[in-house]
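Asks: Okay, here's what each chain looks like letter by letter:
Number of protein chains: 2
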Amino acid sequence: MARIVQKFGGTSVATIERIKAAALKVKRERERGHQLTVAVSAMSGATDKLVELTRQASPLHDARESDVVIASGEQVTVGLMALCLQELGIPSRSFCGWQVPIRTNAAHGQARIEELVPDELERMLARGEVPVVAGFQGVTADGRITTLGRGGSDTTAVALAAALKAERCDIYTDVDGVYTSDPRIVTRARKLTRITFEEMLEMASLGAKVLQTRSVELAMNHRVRVQVLSSFAEQIGSDYPGTLLVDEDEIVEKHVVSGVTYSRDEAKITLVKVSDRPGVAAAIFGPLANANVNVDMIVQNVSEDGRATDLTFTVSRSDLDRAVALLNPLVKELGINRIRHDSNVVKVSVIGVGMRSHAGVAQRMFKALGDKGINIEVISTSEIKISILIAEEFTELALRTLHTAYGLDAN
Amino acid sequence: MARIVQKFGGTSVATIERIKAAALKVKRERERGHQLTVAVSAMSGATDKLVELTRQASPLHDARESDVVIASGEQVTVGLMALCLQELGIPSRSFCGWQVPIRTNAAHGQARIEELVPDELERMLARGEVPVVAGFQGVTADGRITTLGRGGSDTTAVALAAALKAERCDIYTDVDGVYTSDPRIVTRARKLTRITFEEMLEMASLGAKVLQTRSVELAMNHRVRVQVLSSFAEQIGSDYPGTLLVDEDEIVEKHVVSGVTYSRDEAKITLVKVSDRPGVAAAIFGPLANANVNVDMIVQNVSEDGRATDLTFTVSRSDLDRAVALLNPLVKELGINRIRHDSNVVKVSVIGVGMRSHAGVAQRMFKALGDKGINIEVISTSEIKISILIAEEFTELALRTLHTAYGLDAN
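Chains X and W, in that order, are what the protein sequence lines are.
Position one of the first sequence corresponds to residue 1 (our numbering), numbered consecutively onward.
Position one of the second sequence corresponds to residue 1 (our numbering), numbered consecutively onward.
Just to be clear, a hint being listed does not mean it is correct.
[Said to hold, decoys possible] Keeping only pairs whose Cα atoms sit at most 25 Å apart, straight-line, the calculated BS3-like set for lysine-lysine is: (1) W/K209 with W/K254; (2) W/K20 with X/K20; (3) X/K254 with X/K367; (4) W/K209 with X/K49; (5) X/K49 with W/K20.
[Claimed, not checked] Pair ranges (Cβ atoms, derived): (6) X/A141 with W/K49: 53 to 59 Å; (7) X/I298 with W/L88: 29 to 35 Å; (8) X/D174 with W/A106: 36 to 42 Å.
FYI, nobody ran anything at the bench for these hints, they're computed from the structure.
For glycine and all other residues, C-beta sits at the position ideal for the given N, C-alpha and C.
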């Protein structure tokens with residue numbers, strides 16, 4: 001007997017028929033003798049509709065009140081899921097965030113879970129019952145409803161698994177696992193049966209939209225074994241059809257690189273001939289930070305004469321116009337020659353914990369891309385990933401080239 | 001300065017535009033210096049959709065879980081209303097039933113309010129803020145969500161007015177008040193500016209669908225002055241465009257009869273030649289009561305020979321088939337000659353507290369109908385009402401005749 005948390009995302013509970021199909025998966029796991037706790041998202045599309053209503057009511061809405069409206073979506077699905085489980089003869093009851101309770105801080109719209117009290121859930125599990133918990137929502141110390149932000153239901157599921165010391169947290173979604181690259185572009189991409197938390201974290205933050213970053217962080221911190229799998233597949237989680245997030249020492253077959261990802265949400269800004277003196281970086285990035293413009297990759301060319309240098313960095317595309325507007329007043333002040341910008345760029349990254357112990361990983365990337373005539377505009381590295389910025393038109397070619405170069409292609 | 005509870009029904013909050021219009025009514029009352037508490041229903045149609053989802057999930061659904069699903073409708077509107085009020089510069093926050101809290105018994109789907117704790121609402125009112133409370137819902141002692149049954153939002157509003165000792169409870173709805181009769185049939189029907197609780201109670205239970213019976217009972221018990229008015233009219237409640245429910249001693253212009261109502265949801269059953277011996281009535285009505293078939297009017301003809309009698313009574317139309325099926329096995333047992341039934345009947349009632357002190361009220365009714373050739377099939381009376389059963393084809397004629405006979409016609 002294992003204790004398992006099953007999470008069903010929005011597409012998995014989009015209609016009554018799908019909720020019934022999900023309930024059947026709960027039933028089948030339960031028939032294996034497992035103790036089950038279920039977490040659900042709102043019906044696909046419901047949250048967007050509710051967000052739109054709050055926007056119509058008040059463009060600059062009070063997040064405390066929009067959270068009340070938006071959290072109603074998961075309240076609908078927990079009730080329906082409990083009913084569908086009961087129809088299958090499984091004793092079940094629903095819990096809204098405040099009923100568990102799942103206590104969060106008061107950062108409405110993107111609240112963080114501070115405490116999840118599992119007592120009532122434990123009592124239900126001991127009786128062989130199945131609690132169904134609303135994802136994405138919690139309650140503040142003074143009884144206000146909060147939401148955890150996009151993808152927050154994953155976080156709820158992982159928090160439940162941590163609090164209940166579950167053996168596994170199965171995230172049922174509309175993809176059947178984590179791939180070595182985007183299968184729509186790289187046809188020879190393979191599904192990973194295992195991936196480390198660290199790699200998944202990099203993938204999540206680099207644009208692979210399978211799991212929300214915060215849920216992966218939480219899983220890593222609490223060592224929750226998370227499995228990503230498709231709710232549309234025949235198999236249930238205990239038959240392991242998905243991708244399992246594990247500790248590094250659980251990875252048997254080690255690759256130097258586990259995945260190649262990309263993000264199109266990038267724009268490049270170059271400040272030409274910035275005077276090379278102390279405090280310049282602060283003068284440039286300070287106003288951007290104050291305006292919540294997130295700066296990602298930064299490179300500063302070596303200054304030839306020791307007096308001026310070219311500074312290049314990336315921001316997200318939606319922030320480009322704002323960033324340029326913030327920088328324009330600095331042109332004179334900092335003796336900048338001019339500002340160049342380009343949004344026809346893409347960030348491609350290779351990720352793998354194997355990099356820690358292998359040399360020449362970056363060199364292989366540069367050579368493979370160079371052989372195809374792809375120019376690398378910016379490079380940024382961390383312990384387990386290398387990211388480069390290239391012209392957007394080379395996206396598909398670069399992904400396939402790197403996928404092959406690192407030996408990831410399926411046979 | 002007065003303390004007022006304003007309740008907006010489903011059609012009054014059906015769209016963002018209507019919620020904004022309702023919020024404007026709150027603003028205008030507030031500008032008069034009043035302290036306001038708002039109660040809202042779910043957006044028109046939302047509750048029906050949610051009920052349908054629960055039915056699809058589980059035909060014989062667990063009412064505890066369907067309440068969770070259905071209560072989400074009001075959660076949406078309280079948040080939206082609070083946002084719309086904030087947009088108008090009015091400090092406001094929303095309350096779900098559990099946040100007030102509004103404590104109810106555990107009769108899910110038709111729970112009764114046991115306690116409404118007004119402390120937080122009082123604090124908001126003292127600060128000049130406007131609390132917005134979800135109608136129709138509450139919470140049990142052990143933290144489960146309940147709903148109060150159809151029309152429950154009126155009950156919530158009256159309970160709020162009672163707990164807050166409000167001067168008035170304005171029920172904004174899609175009609176502009178209580179009429180002396182159905183204006184679609186009786187063109188000379190007049191809007192009543194005042195009506196006693198007792199009369200309203202009879203009207204509500206006799207088919208005038210303006211207010212839910214339980215909310216009128218609650219208002220009567222706590223002497224809450226309730227005003228029914230249209231949310232589509234220009235005026236706000238303090239300008240008194242609606243119908244006010246008051247104590248009898250507040251009625252200045254006293255009529256013997258205040259209103260003429262009708263109900264088509266009637267069916268007549270006659271048991272021909274029932275043996276006239278003790279215990280027969282129990283043998284007949286026992287099985288009906290056990291099957292939750294509500295019996296309304298009952299008449300037993302005088303037995304000519306002292307051995308057999310005709311017994312006639314009414315049930316609601318939807319119960320007719322079931323009632324007949326329950327009675328059939330008794331035919332032999334009780335020596336009943338045969339069972340006759342007829343659903344082409346209508347119940348017409350005249351209501352007025354003036355009946356208590358006036359003689360000849362019934363006589364006037366019988367004469368007026370007799371003059372028009374309308375046969376009265378069954379009669380039933382209470383202290384302040386006389387109900388008769390007639391053939392359905394005479395409905396309109398009877399209503400207009402009685403409306404004129406009791407001097408209710410508008411000039």
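Asks: Against each hint, give a clear statement of whether it holds in the structure.
Replies: Hints and how they fare:
no., hint, in the structure
1, W/K209 with W/K254, "24 Å, holds"
2, W/K20 with X/K20, "38 Å, violated"
3, X/K254 with X/K367, "23 Å, holds"
4, W/K209 with X/K49, "32 Å, violated"
5, X/K49 with W/K20, "18 Å, holds"
6, X/A141 with W/K49: 53 to 59 Å, "34 Å, violated"
7, X/I298 with W/L88: 29 to 35 Å, "46 Å, violated"
8, X/D174 with W/A106: 36 to 42 Å, "39 Å, holds"
Violated hints, in rising order: 2, 4, 6, 7; the structure is consistent with all others.
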